[in-house]
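Participant: Here the structure of chain W is known, so what remains is to put chain G in place on it, guided by the hints.
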Amino acid sequence: QQQVRQSPQSLTVWEGETAILNCSYEDSTFNYFPWYQQFPGEGPALLISIRSVSDKKEDGRFTIFFNKREKKLSLHITDSQPGDSATYFCAASEGGGSALGRLHFGAGTQLIVIP
Amino acid sequence: DMKVTQMPRYLIKRMGENVLLECGQDMSHETMYWYRQDPGLGLQLIYISYDVDSNSEGDIPKGYRVSRKKREHFSLILDSAKTNQTSVYFCASRGHANSDYTFGSGTRLLVI
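These protein sequences, in sequence, are chains W and G.
Using the numbering used here, count along the first sequence one by one with no gaps and you end on 226.
Using the numbering used here, count along the second sequence one by one with no gaps and you end on 191.
If we strip away everything but chain W, and leave its shape as in the complex, we get:
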């Protein structure tokens, strides 16, 4: 059973637009949600993360919105740039920090930003 689901599978936006990537999860015990960014030929790298005690986390142009009741979250990329073109993975786990459990990854959203 897929613990973490992402949509859409692929997303194309114009430069300057806001890209919205969606994620949902099954397990109510999950309380830590990192997003990873992966460029072609590279491994995933942590982009931004949020804990379930918060409903929003912002880092520059990247913002996570979290809805615990609906078990959904989304990553908003404002003023999208061609350099943001990558695959984005939503992940979830119990714990966090030193108690971080194994991460469950979604299948990813491939973002293409057209200049």
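Treat each hint with caution, since some may be false.
[Claimed, not checked] With a straight-line Cα cutoff of 25 Å, these simulated DMTMM-like cross-link-like pairs (lysine to aspartate or glutamate) come out:
#1 K167(W) - D190(W)
#2 K167(W) - D179(G)
#3 K168(W) - D179(G)
Hints were generated in silico from the structure; no laboratory data involved.
Facilitator: Frame of chain W, contents of chain G only:
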């Protein structure tokens, strides 16, 4: 510079051959992972290692085994490789306190 290094980057093997994928990290991280990545499936966990000689199966361990004899080194072994093991394999590590996963650049394995 903290990093996870995977060798080789590209590998072509014939069906039935043995395959050894190597992973090293220079951060003294206790926990290491092996994942495979296939289109549309994301990252699937093969094995976790919590420290030297302390390994656990992940979600898809069948056809794989691992070895961790030193904290900084974690190997993935495919005994008698199969064509459906063609994939990109990622190694990751994490330390004990407040750290997320650090991934290597991957090994692209083609089994023909």
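Participant: Now tell me, hint by hint, if it's right for this structure.
Facilitator: Taking the hints in turn, this is what the structure says about them:
1. K167(W) - D190(W): 18 Å, holds
2. K167(W) - D179(G): 19 Å, holds
3. K168(W) - D179(G): Measuring from Cα to Cα gives roughly 17 Å; hence the hint holds.
Checked against the numbered hints listed earlier, the structure breaks none of them; every hint is satisfied.
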